[in-house]
Amino acid sequence: MSGGSAAGRYIGQSVQRTEDPRLLTGHGTFVDDVVVPGMFHAHFVRSDVARGRITRLDVEAARQFPGVYAVLTAAEVNGDIGTMQPTMFTEAGFGPNVPSAPLHPLADTDVRFVGDPIALIIAENRYVAEDAAELVEVDIDLLTPVVDYELAADETGDIVHEELGSNIAMRLELPRDPAIDEAIAGAAHVVTETFHQHRHTCVPMETRGIVARWEPFANELHVWMATQAPHEVRLVCSRVLGIPENHIRVTARDVGGGFGQKMFMPREEIVVALAAHRLGIAVKWIEDRRENLVAANHARVDRAVATVAVDADGGILAAWLDHLEDAGSFPVGATGGAGAMVGMAFPGPYRVPKYGFSTTAVWTNTMGRGAYRGPWMFETVAREQMWDHVARTIGMDPLEFRRHNVIEESAFPYTNAVGMMVDNVTPGRTLELAAEMIGYDAVRAAQAVPRTDGKLLGIGMALTVEPTATGIGALGVEVATVRIEPTGQVHVLLGTGAHGQGIETTMAQVVAEHLGVDFTDVVVMQGDTDVAPFGGGTGGSRTAVTAGAAARGAAELARDKVLAVAAHLMEAAPEDLEINAGVVAVKGTPTRSISMLDVATAAYHKHEQLPEGMEPGLEATFRYKAPGRTWANACHACTVEVDTTTGKVEILRYIVSEDCGVMINPMVVEGQVSGGVVQGIGAVLYEHLVYDPDGNPLSTTFLDYLLPTAAEVPIIEFGHVETPSNTPGGHKGVGEGGAIVSPPTVFNAVADALAQIGVKITKQPLGPNEIVAAIAAAELAGADA
Amino acid sequence: MGEHVVTVTVNGRTRRALVEARKTLADFLREDCTLTGTHLACEHGVCGACTVLVNGAAVRSCLMFAVQAEGAEVTTVEGLSPADGTLSPIQEAFRAAHGLQCGFCTPGFIVSVTALLRDNPHPTEHEIREGLSGNLCRCTGYQGIIKAVQLAAEAQR
Numbered sequence: 001m002s003g004g005s006a007a008g009r010y011i012g013q014s015v016q017r018t019e020d021p022r023l024l025t026g027h028g029t030f031v032d033d034v035v036v037p038g039m040f041h042a043h044f045v046r047s048d049v050a051r052g053r054i055t056r057l058d059v060e061a062a063r064q065f066p067g068v069y070a071v072l073t074a075a076e077v078n079g080d081i082g083t084m085q086p087t088m089f090t091e092a093g094f095g096p097n098v099p100s101a102p103l104h105p106l107a108d109t110d111v112r113f114v115g116d117p118i119a120l121i122i123a124e125n126r127y128v129a130e131d132a133a134e135l136v137e138v139d140i141d142l143l144t145p146v147v148d149y150e151l152a153a154d155e156t157g158d159i160v161h162e163e164l165g166s167n168i169a170m171r172l173e174l175p176r177d178p179a180i181d182e183a184i185a186g187a188a189h190v191v192t193e194t195f196h197q198h199r200h201t202c203v204p205m206e207t208r209g210i211v212a213r214w215e216p217f218a219n220e221l222h223v224w225m226a227t228q229a230p231h232e233v234r235l236v237c238s239r240v241l242g243i244p245e246n247h248i249r250v251t252a253r254d255v256g257g258g259f260g261q262k263m264f265m266p267r268e269e270i271v272v273a274l275a276a277h278r279l280g281i282a283v284k285w286i287e288d289r290r291e292n293l294v295a296a297n298h299a300r301v302d303r304a305v306a307t308v309a310v311d312a313d314g315g316i317l318a319a320w321l322d323h324l325e326d327a328g329s330f331p332v333g334a335t336g337g338a339g340a341m342v343g344m345a346f347p348g349p350y351r352v353p354k355y356g357f358s359t360t361a362v363w364t365n366t367m368g369r370g371a372y373r374g375p376w377m378f379e380t381v382a383r384e385q386m387w388d389h390v391a392r393t394i395g396m397d398p399l400e401f402r403r404h405n406v407i408e409e410s411a412f413p414y415t416n417a418v419g420m421m422v423d424n425v426t427p428g429r430t431l432e433l434a435a436e437m438i439g440y441d442a443v444r445a446a447q448a449v450p451r452t453d454g455k456l457l458g459i460g461m462a463l464t465v466e467p468t469a470t471g472i473g474a475l476g477v478e479v480a481t482v483r484i485e486p487t488g489q490v491h492v493l494l495g496t497g498a499h500g501q502g503i504e505t506t507m508a509q510v511v512a513e514h515l516g517v518d519f520t521d522v523v524v525m526q527g528d529t530d531v532a533p534f535g536g537g538t539g540g541s542r543t544a545v546t547a548g549a550a551a552r553g554a555a556e557l558a559r560d561k562v563l564a565v566a567a568h569l570m571e572a573a574p575e576d577l578e579i580n581a582g583v584v585a586v587k588g589t590p591t592r593s594i595s596m597l598d599v600a601t602a603a604y605h606k607h608e609q610l611p612e613g614m615e616p617g618l619e620a621t622f623r624y625k626a627p628g629r630t631w632a633n634a635c636h637a638c639t640v641e642v643d644t645t646t647g648k649v650e651i652l653r654y655i656v657s658e659d660c661g662v663m664i665n666p667m668v669v670e671g672q673v674s675g676g677v678v679q680g681i682g683a684v685l686y687e688h689l690v691y692d693p694d695g696n697p698l699s700t701t702f703l704d705y706l707l708p709t710a711a712e713v714p715i716i717e718f719g720h721v722e723t724p725s726n727t728p729g730g731h732k733g734v735g736e737g738g739a740i741v742s743p744p745t746v747f748n749a750v751a752d753a754l755a756q757i758g759v760k761i762t763k764q765p766l767g768p769n770e771i772v773a774a775i776a777a778a779e780l781a782g783a784d785a
Numbered sequence: 001m002g003e004h005v006v007t008v009t010v011n012g013r014t015r016r017a018l019v020e021a022r023k024t025l026a027d028f029l030r031e032d033c034t035l036t037g038t039h040l041a042c043e044h045g046v047c048g049a050c051t052v053l054v055n056g057a058a059v060r061s062c063l064m065f066a067v068q069a070e071g072a073e074v075t076t077v078e079g080l081s082p083a084d085g086t087l088s089p090i091q092e093a094f095r096a097a098h099g100l101q102c103g104f105c106t107p108g109f110i111v112s113v114t115a116l117l118r119d120n121p122h123p124t125e126h127e128i129r130e131g132l133s134g135n136l137c138r139c140t141g142y143q144g145i146i147k148a149v150q151l152a153a154e155a156q157r
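One line per chain: the protein sequences are S and D, in this order. The first sequence lines up with residues 1 to 785 when you count with the numbering used here. The second sequence lines up with residues 1 to 157 when you count with the numbering used here.
Isolated chain S, as found in the complex (with noise of 0.2 Å):
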């Protein structure tokens, strides 16, 4: 599994994680496993209807409860804070016309979606805790939710946020090209269809937790917190809170999933920092899963209208898109999710010469929108979809419409119709390697015999090009300390923000190959703002690209200075040294060395001994700056076989074939997009946030929102393609790629197999009845033709 022309030493190489054997024996430390003595536990009251007026609230049988320390309301907490918006929506990059949500802290006079938190206790003990809780009086004049995202945008009656005027929270409509309209008319084929994607979301296995403590006369306030950013938290608790940030630290040590969900601070972990700042308290809040489904980040609902035209032989001629989304009561990060970004990336990587959009995303009385694993993804969903039904429109295979229309990897850079520039991609390759591991021509031969069992074969597949790594704003940089110890062992201090990825080991893999270092005596630290550098965190497939260019960079640095150091020691010239499992000999003769303990000496020591007017010390920092953005690319196919009497789907087989580059750990990757995609398998197939006409929450349990088990997935196959990017390394991110191509591409082959049958789905979920009412549907359609 060792990588391509790349490969060294430990880059390329399968490292086994620095992070497991603490995790694999119960010894990590997830936030519910910090105590801090004192400290008490907070349990939100929460609003059980969607959307109405605060008529009373009486907290004080709560307060005097055996055991509660204090209950906090709107009054205590929402007055005289800074802004609970994420920095990057306040500084640089994402700007001022993206409308946020008017949210506090707790809900004052009304409430908004079912989960809204209304007041805090904070007792003893969570059983304590949630004992008060039931003593708190609530009463509320209901009003009408709006519950369902394609009324909302009619704008006819109830208004989510009355402060705002309407139900639209963001609206971009290019100018519409009449070029688009010259090239519909004259088309041999216009297909029209309209694609939706349901609410589903991350999900991760912790749910979210926080521990605050705030030290009076030390005058700081620490948070633990599952966090993908902890840098992130220190500002948003020092805007908020009105602490300087340098008398904040917020520390992750294990953090237990994300996929986004843990990349801004949310706002009930705003309130409990707050609750522990007021009160000078240590406090700790872990959400519960009910708390999880219902009031952490909803994710995925959207609409595509798409119009296509295509030429005599299957060329795409022009194409319009209208997007819905859904961003919920209060998003959780940009409102509207990344409409803007559906619209600019829906042609993909195919020629679509004549394109535009518009994307619209509008409030309902619903957990809000965030981020999940590609929040942008739904423009893969959208065209994968609509260009397999377009195929069968036209009578057309839909690998022969891929073929057909995929932009050639000479043809690279390339730049849309609507200005989105996309380089150093291989959409082409990554899609013959996906149909040869297949077996795409054995596949549909397969499907030409008759069947009396009655279930259908199916075949699926979607490509896709994906922006990772942003340029822009604090994500667009990440930084690195390497720093060699007197005793020659190697600190890597990284502003990243682990929850899986083994950057414990992948940066040190990086460090080790650069520096010259047994990968045993690099030790990385991340996660601690006390210790680590201001960094960006952990998301956005950022690390491999900009971690691990200041990993590289630092350790270069560091290296310069060992070579320096060694050099004037022996006697040598730099550019005649070499540095090997942490060894600096001449190069060709290993008997003249010297360790890397003897420079450190040298260095921290025995500095009489460096080169006249040479700093003492070894370290180096390093901070890269992303270019604006860095794609990587893949497509995968997979074939089930539905039973069209129970509805049930089976995926028989599952192909990756992805290029992210040159790959620093082939285990890790693999890894992280076997994850993304049984999360695709889990969305299409499975997962399924329902809300009632009244916007109650009907899937808050896991008997309800169903998670794929070892006994739903297929062996997951790889075709890996590897073509370097530009940056340092050679790497492209690969965090969220898994969980962008795979939904369209499970949707595709379950389309595909009902095509068999005249049967035609546009909408998701795919369970066992929506599978059944389709083909019972189609009979009806069918027998009154």
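FYI, nobody ran anything at the bench for these hints, they're computed from the structure. What you are looking at is a predicted structure, and each value in this text was computed from that prediction instead of being measured. Careful: at least some of the hints might be erroneous.
[Unchecked claim] Chain S residues, not near chain D, derived (Cβ > 12 Å throughout):
1) 24
2) 63
3) 90
4) 184
5) 196
6) 219
7) 254
8) 307
9) 322
10) 450
11) 641
12) 690
13) 782
[To be verified] Simulated restraints, written as ranges between beta carbons of each label pair:
14) 141(S) x 21(D): 37 to 45 Å
15) 134(S) x 63(D): 39 to 47 Å
16) 646(S) x 150(D): 24 to 32 Å
17) 133(D) x 444(S): 30 to 38 Å
Every residue, glycine too, gets a C-beta built ideally from N, C-alpha and C.
Based on the hints, put chain D in the right spot on chain S.
Structure of chain D alone, referenced to chain S:
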């Protein structure tokens, strides 16, 4: 709420605490025994992260009260590692096969796999999948986990 003295042998050591009748075994282990390796990810018996062995049987500690474990022998993930700081063969297999990423579900899997391979030393792939269908993982897609169990079964031959 009435409190009771419970005496439980945990990882071979006698533990005694005063607990409310409604306190779960999971909370007793995590708080009173300060064994935080057992994790809570759903508290309604679906995800398996809280799996421990009670008198040898793999059970969901979130669905038991501590008082129900009176007099029982409980083994948590902490009790499955050798005392010398090395990893057990099952743990080594998980490491070799990349059967974990964030690690939050991992203790539950380690305990469940321990019981599975003890009761069925040579499971088929199907038996592994069925046997682990009571443990949820969100990071790995189960690929490394299934391989780890196969590796561990091989090593036990």
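Right, here's what the structure says about each hint:
Distance to chain D contradicts residue 24(S) as a non-interface residue, since its nearest Cβ pair spans about 4 Å, not more than 12 Å. Even its closest Cβ contact with chain D, about 19 Å, leaves residue 63(S) beyond 12 Å, as expected for a residue assigned away from the interface. For residue 90(S), the requirement that its beta carbon stay farther than 12 Å from each beta carbon of chain D is met, with the minimum near 29 Å. The Cβ of residue 184(S) lies farther than 12 Å from every Cβ of chain D, with a closest approach of about 41 Å, so its non-interface assignment holds.
Separation of residue 196(S) from chain D is adequate, the least Cβ-Cβ distance of about 24 Å exceeding the 12 Å criterion. No Cβ of chain D comes within 12 Å of the Cβ of residue 219(S); the nearest lies about 30 Å off, and the non-interface call holds. With a least CB separation of 6 Å from chain D, residue 254(S) falls inside the 12 Å interface cut-off, contrary to its annotation. For residue 307(S), the condition that its CB be more than 12 Å from all CB atoms of chain D holds, with the nearest at approximately 36 Å.
With a closest Cβ-Cβ approach of about 33 Å to chain D, residue 322(S) is found to remain outside the 12 Å limit, as its non-interface label requires. Even its closest Cβ contact with chain D, about 29 Å, leaves residue 450(S) beyond 12 Å, as expected for a residue assigned away from the interface. Non-interface call for residue 641(S) relative to chain D: holds, since the shortest CB-CB distance, roughly 16 Å, exceeds 12 Å. At roughly 17 Å, the least C-beta separation between residue 690(S) and chain D is larger than 12 Å, which holds for a residue marked as non-interface.
Residue 782(S), annotated as away from the interface, keeps every beta carbon of chain D farther than 12 Å; the closest lies near 38 Å. At roughly 39 Å, the beta-carbon separation of residue 141(S) and residue 21(D) lies within the given 37 to 45 Å, and the hint holds. At roughly 22 Å, the beta-carbon separation of residue 134(S) and residue 63(D) lies outside the given 39 to 47 Å, and the hint is violated. A hinted range of 24 to 32 Å for the beta carbons of residue 646(S) and residue 150(D) is consistent with their spacing of about 30 Å.
At about 33 Å, the beta-carbon gap between residue 133(D) and residue 444(S) stays in the expected band of 30 to 38 Å.
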